[in-house]
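Undergrad: Based on the provided sequences and hints, a complete structural model is requested.
If you're matching them up, the sequences are chains R and Z in order.
The numbering used here numbers the first residue of the first sequence as 1 and each following residue consecutively.
The numbering used here numbers the first residue of the second sequence as 1 and each following residue consecutively.
Think of the hints as simulated: they come from the structure by calculation, not from any bench.
With a straight-line Cα cutoff of 25 angstroms, these simulated DMTMM-like cross-link-like pairs (lysine to aspartate or glutamate) come out:
1) R/Lys-72 <-> Z/Glu-337
2) R/Lys-142 <-> R/Asp-307
3) R/Lys-72 <-> Z/Glu-349
Listed below are several chain Z residues computed to face chain R (Cβ distance under 7 angstroms; list not exhaustive):
4) Phe-316
5) Arg-382
6) Arg-385
7) Ala-386
Selected chain R positions facing chain Z (Cβ under 7 angstroms, derived; list incomplete):
8) Tyr-63
9) Lys-107
10) Asp-110
11) Leu-111
12) Gly-112
In this text the structure is predicted, and so the values were computed from the model without any measurement.
The C-beta atom is built at its ideal place from N, Cα and C for all residues, glycine as well.
As a plain string of letters, each chain reads:
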Amino acid sequence: MSGGVDSAVAAARMVEAGHEVVGVHLALSRMPGTLRTGSRGCCTVEDSMDAQRAANIIGIPYYVWDFSERFKLDVVDDFINEYAAGRTPNPCMRCNERIKFAALLEKALDLGFDAVATGHYATIRTDADGNRELHRASAWAKDQSYVLGVLTQDQLAHSMFPLGATPSKAEVRAEAAKRGFSVATKPDSYDICFIPDGDTRGWLAERVPPATGDILDREGNTLGRHEGAAAFTVGQRKGLQIGTPAADGKPRFVLEVRPITNTVVVGPKEALAIGEIAGSKFTWCGVAPAHPETAFDCTVQIRAHADPVPAVAQVVPVAPGENGENGENGVNGATGETRPATELVITPAEPLTGVAPGQTAVVYLGTRVLGQCTIDRTVSAVGVNA
Amino acid sequence: MAVYLDHAATTPMLPEAISAYVSAMAVVGNPASVHSQGQNAKRLLEEAREQVALSLGSDPIEIVFTGGGTEAINLGIKGLYWARRPRTRILVPGGEHHATMDTVEWLEQYEGAVVEWLPLDSVGRIDLAAVERSIAANPHDIALITLLSANNEVGTLQPVAEVAALAAAHGIPVHVDAVAAYGHVPIDFRALNDGGASAVSVSAHKIGGPVGIGALVLSRRASVVPLLHGGGQQRQVRSGTQDVAAAVAFAVAATALGDDLSGENARVAALRDRLVAGVRAAVPAVIVNGDPDAGGRLPGTAHFSFPGCEGDSLLFLLDVAGISVSTGSACQAGVPEPSHVLRAMGRSEVEARGALRITLGRTSTEADVDALLAAVPAAHARAARAGLADRVPGR
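TA: Given below as structure tokens:
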């Protein structure tokens with residue numbers, strides 16, 4: 001229970017469904033702020049009190065579990081490291097993957113609980129064979145299945161999303177008001193919970209000291225200097241500060257950020273169009289497809305609030321050492337698992353824009369989440385000379 | 001039926017204290033008013049002060065009622081510190097209650113204090129030789145020494161009289177935090193004061209009185225600068241209209257302690273010893289913290305470290321089983337900190353995180369101990385499985 005309206009209503013619905021429910025608030029900082037400020041909707045003492053007051057009204061016990069050390073390492077530090085490496089991570093997904101449905105779920109199961117229920121907007125269905133499937137929420141506008149795409153079959157088996165079938169957020173707020181929750185009108189949280197003022201750029205700049213480097217065009221010619229490659233996002237147009245205009249006079253956009261050489265590659269807008277994305281770090285959500293090495297139709301979503309795009313996906317072998325995750329001898333660098341080096345290659349029917357390494361691509365079959373992969377590389381839809 | 005084994009946090013109010021409290025709340029009159037109704041309220045207040053003084057071996061005039069133990073400790077430490085200017089050194093043992101730690105750190109940050117932390121040994125007792133060395137280094141710049149009389153987490157008793165004697169040789173005032181000790185260890189303020197201690201802090205709700213009232217027992221010979229300014233009540237030391245009803249209820253609880261604590265102490269200690277033996281039998285790896293010598297710690301305190309478990313998990317599992325215990329830690333946002341007392345005693349972070357404090361009191365029974373011992377094996381098994389899940393592996 002974050003202290004927000006969704007988890008409060010979710011807890012109340014679990015109780016009414018006949019479950020034995022305990023409210024748990026995650027302490028994600030050793031030094032929580034006292035009062036809620038700005039865009040945050042979690043993690044302060046005030047939020048913890050809001051959660052406890054909701055638990056009081058529901059009539060369930062309430063505890064604070066301290067995951068601050070894990071959160072710092074697995075989410076905050078990971079966010080900083082990924083950003084420093086020129087990738088665009090999603091800390092909420094990381095938190096779901098490593099904290100809420102990993103450390104928290106494991107501790108809960110060990111302590112004798114059967115499942116973790118959260119206020120996420122997503123639906124879990126069980127197929128004829130008893131396997132769990134993750135589907136989009138009924139209210140597509142609030143659907144959060146994207147950030148849950150990292151869940152595995154085992155995690156789904158112990159997860160419950162009581163808000164998944166609710167037609168709208170307004171309905172959840174109305175229900176909260178009817179139940180007498182003080183948080184019924186509390187603003188939604190957005191932005192990143194551990195960056196209090198919402199200034200992600202400024203927060204990162206304090207932690208990743210910027211160094212000046214070159215801005216290049218796609219042919220490798222130096223166009224200017226930048227104050228720190230990590231401050232650039234793929235697709236960015238403003239703030240490039242290149243003295244000479246492009247030969248064709250068209251505006252230039254950030255096409256690529258290369259952390260190792262501390263360079264930023266710019267080019268025309270057309271060059272932002274991505275025709276293929278691929279990553280070796282992929283997981284299946286629920287039952288894995290029987291033959292993923294055979295190209296199959298799907299839709300792909302590359303951001304929490306992006307529209308899904310029709311695509312073809314396929315798992316293909318990668319030459320050893322070709323990428324960092326499954327390196328030599330097929331040993332996965334992150335997990336130490338030995339498996340044949342493969343990557344999930346996704347080819348959208350229409351080129352995508354605003355895709356950068358580090359982002360997560362979630363693959364859907366209709367409303368069902370089939371799996372996800374962290375994007376390692378992208379292939380432009382147009383050639384250098386286009 | 002909930003089993004309450006967290007008497008060190010607060011102990012149930014005595015029924016006779018509750019009825020005295022309620023009756024006294026119906027009495028009209030500010031004890032500082034001149035009219036007869038005011039005089040009647042004043043009479044109740046001063047009778048209460050006399051009874052509380054009796055339980056602490058002090059003169060009634062030496063009892064300064066406060067809004068609780070925390071205020072008494074703040075008044076004792078800050079008041080003595082300011083009165084002793086320009087001296088700046090404060091000697092304080094590690095592992096003190098947060099009311100002391102945060103107060104001396106505040107004085108360090110805002111008032112120029114130089115805080116010198118005295119080490120604790122493995123059972124939680126200060127080293128008198130270290131105190132002596134710290135004093136000898138420069139006895140003239142020490143503003144005060146403050147220390148717990150009994151540790152609120154592990155229950156270890158401190159050599160208060162010996163520290164006071166060392167301080168007295170140089171005229172250094174000593175403040176004693178007796179909040180945890182009050183009601184369990186005889187407190188003879190006259191003897192302490194003659195031996196060099198200047199002030200003792202106590203709280204009513206630890207002995208069956210109400211929350212919201214405590215006292216600083218302040219020697220006639222000591223002077224403190226007040227925290228609160230106003231009507232000049234209580235020797236100009238603590239302004240504010242005095243809470244007659246709370247003082248009356250406090251006095252009932254103080255009187256109920258009786259002249260001899262030994263009978264009740266022996267009863268509670270026997271329960272505690274059976275509890276400790278039972279937990280040891282159920283969990284052979286458990287570490288019992290505090291002075292192993294029964295005479296060296298509070299009778300009702302049992303303090304454990306369960307290696308490989310979060311105290312947090314054990315607390316939760318026992319709570320679900322209807323048993324209230326504590327991790328003995330300060331919970332500001334409900335975020336449990338690893339026990340700073342165990343850390344000050346040189347224990348590992350793992351032992352500090354696996355800490356569980358079980359404290360018995362006046363209402364504790366054999367059945368309470370039975371219920372705890374019945375619940376411990378399953379709770380421990382589950383907590384051990386959950387382990388230190390919320391910690392980073394390998395650290």
